[in-house]
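Chemist: Order-wise, the sequence lines are chains R, U and H. Heads up, the first sequence is in the working numbering, so the first residue is 1017 and it goes up one at a time. Heads up, the second sequence is in the working numbering, so the first residue is 8 and it goes up one at a time. Heads up, the third sequence is in the working numbering, so the first residue is 13 and it goes up one at a time.
No lab work stands behind these hints, which were simulated from the structure alone. This structure is a prediction, so every number in the text was calculated from the model and none was measured. Take the hints with a grain of salt, since some may be wrong.
[Said to hold, decoys possible] Covered, in the sense of this in silico footprint (three residues per stretch, anywhere, with C-beta under 8 Å from a C-beta of chain U), are these stretches of chain R:
| # | region |
| --- | --- |
| 1 | 1249 to 1262 |
| 2 | 1275 to 1285 |
[Said to hold, decoys possible] Facing chain R, according to a computed beta carbon distance under 8 Å, are these residues of chain H, among others:
| # | residue |
| --- | --- |
| 3 | P50 |
| 4 | L85 |
| 5 | P103 |
| 6 | I106 |
| 7 | H273 |
| 8 | T277 |
| 9 | H321 |
The beta-carbon is built from N, C-alpha and C at its ideal position, and this holds for glycine as well.
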Amino acid sequence: MADQSIPIAGSLDVTPPRREERTRLLEWLHGWVVTVDHKRLGILYVVYAIVFLLIAGAEALAIRLQLAWPNSHFLSPEIYNEMFTMHGTTMVFLVGMMIIFGFANYLVPLMIGARDMAFPRLNAFSFWMSAFGGLLLYYSFIGGFGLYGMGAAPDVGWWAYAPLTAKAFSPGHATDYWALALIVMGFGTLGTAINVIATTLSMRCRGMTLMRMPLFVWLMLVVSGLTLVTITPLTAAQIMLVIDRYLGGHFFDTQAGGSAVIWMHFFWIFGHPEVYVLVLPAFGIASEIIPVFSRKAIFGYPAMVAASVGIAFVSLGVWAHHMFTVGMTSVGNTFFVLSTMLVGIPTGIKIFNWVATVWGGKIRFKVPMLFCLAFLFQFLIAGLTGIMLSVAPWDWQLHNSYFVIAHFHYVLVGAIVFNIFAAIYYWYPKVTGRMLSETLGKWHFWLFFIGFHVTFDTMHWVGFMGMPRSIYTYEADRGWGHLNLIISIGGLIQGIAVLVFAWNMVHSYLRGREAGSDPWDAWTLEWTTPSPPPVYNFAADPVVHSRRPLWDLKHPEDPDWKYEQ
Amino acid sequence: MSAIPVTPGQAAAFTEPWTLPSKGRVGMLSLIIGESAIFTIFVVAYVYYIGKTLYGPTPAILEVPWFNSIALLSSSVTIWLAEREIERGRMRSFAALWGLTVLLGVIFLAGTGVEWHKLIYLDGLTIHTNLFGTTFYSLVGLHATHVVVGLLMLGLVLVFTLTGRIREEHSERVQVLALYWHFVDAVWVVVFTVVYIVGR
Amino acid sequence: MKSMIRERFAPAIRVSLWLGVCVASTPAARADGPQRIPSIFAPASTPAHSIFGLSMFVLTITGGIFLVVGGLLAFALVRFRARDDDDTSEPPQIYGSTQVELAWTVIPILIVVVLFLTTARIIFAIQDAPKPKDALDVTVVGHQFWWEFRYPKLGIVTANELHVPVGSATYLHLLSADVDHSFWVPQLAGKTDLIPNHPNETWMDPQQTGLYVGQCAQFCGVEHAKMLLRVYVETPEQFAAWVKEQQEPGAQEEQAAAGRHIFETEACTNCHRIAGTAANGTFGPDLTHLMSRATIASGAAMNTPQDLHDWIQNPDHVKPGALMPAMQLGDQQIDELVAYLTTLH
Ligand code: HEA
Ligand code: HEA
Ligand code: CUA
Ligand SMILES: [Cu+2]
Chain R
1017 MADQSIPIAG SLDVTPPRRE ERTRLLEWLH GWVVTVDHKR LGILYVVYAI
1067 VFLLIAGAEA LAIRLQLAWP NSHFLSPEIY NEMFTMHGTT MVFLVGMMII
1117 FGFANYLVPL MIGARDMAFP RLNAFSFWMS AFGGLLLYYS FIGGFGLYGM
1167 GAAPDVGWWA YAPLTAKAFS PGHATDYWAL ALIVMGFGTL GTAINVIATT
1217 LSMRCRGMTL MRMPLFVWLM LVVSGLTLVT ITPLTAAQIM LVIDRYLGGH
1267 FFDTQAGGSA VIWMHFFWIF GHPEVYVLVL PAFGIASEII PVFSRKAIFG
1317 YPAMVAASVG IAFVSLGVWA HHMFTVGMTS VGNTFFVLST MLVGIPTGIK
1367 IFNWVATVWG GKIRFKVPML FCLAFLFQFL IAGLTGIMLS VAPWDWQLHN
1417 SYFVIAHFHY VLVGAIVFNI FAAIYYWYPK VTGRMLSETL GKWHFWLFFI
1467 GFHVTFDTMH WVGFMGMPRS IYTYEADRGW GHLNLIISIG GLIQGIAVLV
1517 FAWNMVHSYL RGREAGSDPW DAWTLEWTTP SPPPVYNFAA DPVVHSRRPL
1567 WDLKHPEDPD WKYEQ
Chain U
8 MSAIPVTPGQ AAAFTEPWTL PSKGRVGMLS LIIGESAIFT IFVVAYVYYI
58 GKTLYGPTPA ILEVPWFNSI ALLSSSVTIW LAEREIERGR MRSFAALWGL
108 TVLLGVIFLA GTGVEWHKLI YLDGLTIHTN LFGTTFYSLV GLHATHVVVG
158 LLMLGLVLVF TLTGRIREEH SERVQVLALY WHFVDAVWVV VFTVVYIVGR
Chain H
13 MKSMIRERFA PAIRVSLWLG VCVASTPAAR ADGPQRIPSI FAPASTPAHS
63 IFGLSMFVLT ITGGIFLVVG GLLAFALVRF RARDDDDTSE PPQIYGSTQV
113 ELAWTVIPIL IVVVLFLTTA RIIFAIQDAP KPKDALDVTV VGHQFWWEFR
163 YPKLGIVTAN ELHVPVGSAT YLHLLSADVD HSFWVPQLAG KTDLIPNHPN
213 ETWMDPQQTG LYVGQCAQFC GVEHAKMLLR VYVETPEQFA AWVKEQQEPG
263 AQEEQAAAGR HIFETEACTN CHRIAGTAAN GTFGPDLTHL MSRATIASGA
313 AMNTPQDLHD WIQNPDHVKP GALMPAMQLG DQQIDELVAY LTTLH
């Protein structure tokens, strides 16, 4: 990468850098700020997201320390509520969304043989919007009560149910920062989604028909389409909230006849599809990595595409499964039970196809594959707990209990974060030109895997035992103490794992083995370019004849295009 | 670190023609889809709250803005004619029709201004008066905002046309922009029906 | 290699966890009656019972799915791992198979149908159950951060500790005075939210006397965690006695006159009601029969003179963020107040 010439030594040594060095450093920084190159923007997204993963993870550790013992006073109630609100908001919007759009930025053009995104400037704009939104959110720590005095972060939960968000119940500016930050990020996300759609539809290289696109690209296309109709309702709802808080509107003002329930509907109309926006790219990652390390073509490609589109569509009609306890009619409940369970069918198809891909292959247990396999097991369980939650009467018991927390961490961590790690280990060589250390990687995997299960398997249990979420402490006689201690220990193990990972990233960047253009013996276009790819990606515009162009090259005797219809 | 060239060769050389949709159109259509979702939420909120206002003025005080609406909708026609002109390269009549479109848009805004002035000062209805005020001003206001944005962009194009910077080859982009304007008009049809026909 | 072996154990670990949950819960389920741990697997009332049955059914089916799919995957990982003695040749490439894919689309559909129908049955059974004529009506009002219980037909108002008769149905009408709350006593019924401007209803018919605990299950602000619930299920006789006691006006004993004077001259009366006195505030809990409750501040403290003293001195100390202000009273006055409050049987 051009910036491998960062004068790290220079910036480390104490003597003030000589003029030209300083200017070189400035030029380098300036280069990153003004860049419109999809690869650099992709890197910016991912790095930004990883930083926030550390921060939000640290917040999670604070949560866990507070809950490790009954009636503990480590955090005040106010701080605790800020911690879980910020943890959730950050993880979803600043870690999840940022990192998937980071990968989309970096990989989509490379995978479809394009030289850049459709709208490079819009691309840069979107990133800086989202980045600014993140800063706005965290600025609330200082500016929450207005600049004088100490600040306060938002403390209304990431779903921010009305009327708790009304000025009457949440004075100060914390909630405003929350709403504004999400509006700003919303526009950023919208921009990126538009960009991805335009790129995949209008920038494909010769021969890259839709049904030849790598599944990752397909899923990013679906996700972006879903984002268009998912993020925008949130933006609308936030605008209403801001109108209520600033202009004295009454959208969610129950005193003036406003409805608290309509906010729930608006939020979950966004909130549920949002979780698929997060998980579908993870599916895409798995669909790229699992075949390569099983040495087999993905099983049932058309079915995989159909299932992804199906999931996206169904997911638009299930939101009220988050609202089984708000007193809907029995008919309403029944409808959302059905629509929710239906999602299980296309998702099942995906799981089975992955298993069938592994089946009959020659599996190489490299770190990326390890993460993907753990994902398969964990997503299977997470999905099944989801089905349990979709059983409305059972949900009347489980709703807002730690079982829900366990369910969605099983997906958000066990599926998404695991696949994000897999993706980083898989594409890091392409991005930096160096391999990540396999040994550190194995340490990272096993620590994270164990920590994950110690934490989140146990959470299901305290959920069954009646422990509600969002509580800053609990009574000793409830008998949740020991389990919570175990959960917290698991969190710490995950923390250590993440630190190993961070160290691996840095260490391998400086000392890692040279990667070469195609370290994994893979099949998609990005591996034809040198690592890191040059600014314009491809010397000559590639032409493809099948879903696995490199397979065709490496096996002229039986190329894919003979079998694909 | 040598890159593997991916070229035709082993497979029967690439024959079928390779055409892809215009990225401008795709992008604009995506934006329109997203915007529609925003409007949907506001419309739903408006419809849901019809008749739920506990006190203060009700939709009965509204008068149907036929004149504005006709002005705005006809601007869709003029802009469509303008698109055809620029395709054929008749820049003068394009400028004329384009200008007319902008004018009609301005008329619509002015009309809304007058309506709001009456509502605020005669009927004492503001955004914080009651539920009706809140939902009405935010829905109609959201649309008006879009008209303003549209007008700014149309205005730019007009300026560039008059200074001769826009020529036939830009017709593609001009049409993409026109798409947005058509969308703004279409949304008005919905808002109009919901607020002034159904809601009253 | 080694990693692969451990991968194989991963599912086994999780299976045992599931079994663990079932086993751990079933004995509780048999031993009816109130538990120290408010487990959803120890139902003691019809709604909770039918949910428990349903949950076991679903757990079995999903458990089965996990065993099959997880088993297949684990087997594949062991069977198809790359051996050290492998040549570099690629395995046969298979692109798909219509029959197989059809099979694993249809079977899940059937499973979903079964799950859906059973679920629907229970939904209607619980939500649309006909209300018996003799059912007891209680209006529950959620406040930040305490519970108000009104028995309209019996003219009783109390707080935080609900008393219901055993064996017969009680219908709760759920309202909220400020933000969203949720009424959850796991052993008696699933939770239902209390939402301002959106009345809800739920019911229960406990079959065993005793004290059932639960707590607010919808985040409602600073002290959401200390919005605890206590439900006393009593024999009809005990319940009747309790009702009779609650219907009395507040006690007016001479030796507590001083404390009572303070109570009525300080702002207490703005927020608290004591039947038969000038105090008729509604912002805080009704104190008419404070002494009939075991806890104060919805479970944040015990109802002992000492705790009462601390509470009145500085509620924030006992329950940070509670909406009762510290009244800046001297120990002397507070003692007299407590002396008065302790007469309110
Ligand atoms: C990426 C994130 C993600 C994903 C993918 C999912 C997937 C699913 N989720 Fe989850 N969910 C969340 C994130 C996610 N969820 C979050 C964040 C919350 C909480 C929000 C909050 O309150 O803060 C939540 C909450 C939540 C609730 C509300 C709980 C409550 O608050 O009361 C429900 C209820 O129905 C639910 C259900 C489901 C279902 C049915 C799926 C399905 O998609 C799962 C489908 C997968 C399978 C079923 C397994 C594979 C299928 C087979 C092996 C085929 C055979 C199986 C059958 C035929 C059943 N989820
Ligand atoms: C992608 C999403 C995501 C991820 C990855 C996580 C990761 C984790 N989450 Fe969380 N979580 C949510 C999304 C996520 N979470 C959401 C949406 C909510 C709901 C919020 C709400 O209710 O409003 C939630 C809520 C939530 C709760 C419930 C709080 C409550 O209801 O009271 C808990 C409790 O244990 C928890 C724990 C954890 C833990 C232990 C991890 C661990 O996996 C974390 C592992 C990572 C680390 C431990 C990082 C380690 C880093 C360091 C140690 C370095 C620190 C140094 C510096 C900062 C320089 N999360
Ligand atoms: Cu009341 Cu939480
Ligand atoms: Cu959901």
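Chemist: Run every hint past the structure and note whether it holds.
Modeler: Here's how the hints hold up against the structure:
1. A count of 8 residues in the region 1249 to 1262 of chain R with a Cβ less than 8 Å from any Cβ of chain U is obtained; the coverage claim is therefore met, three being the minimum.
2. Check on the region 1275 to 1285 of chain R: 4 of its residues sit with their Cβ under 8 Å from a Cβ of chain U, so the three-residue criterion for coverage holds.
3. The interface hint given for H:P50 is met, as the beta carbon of that residue sits about 4 Å from the closest beta carbon of chain R, less than 8 Å.
4. Restraint check, H:L85 versus chain R: the minimum CB separation of about 5 Å is within 8 Å; hint holds.
5. The closest approach between the C-beta of H:P103 and any C-beta of chain R is roughly 5 Å, which is under the 8 Å cut-off, so the hint is satisfied.
6. A least Cβ separation of about 7 Å between H:I106 and chain R falls short of the 8 Å threshold, and the interface hint therefore holds.
7. Because the closest C-beta pair between H:H273 and chain R is about 34 Å apart, greater than 8 Å, the hint is violated.
8. A hinted interface residue such as H:T277 counts as satisfied when its beta carbon comes closer than 8 Å to some beta carbon of chain R; here the least separation is about 30 Å, so the hint is violated.
9. Interface hint status for H:H321: violated, as the beta-carbon distance to the closest one in chain R is roughly 20 Å, over 8 Å.
Hint compliance for this structure: hints 7, 8, 9 are broken, all remaining hints hold.
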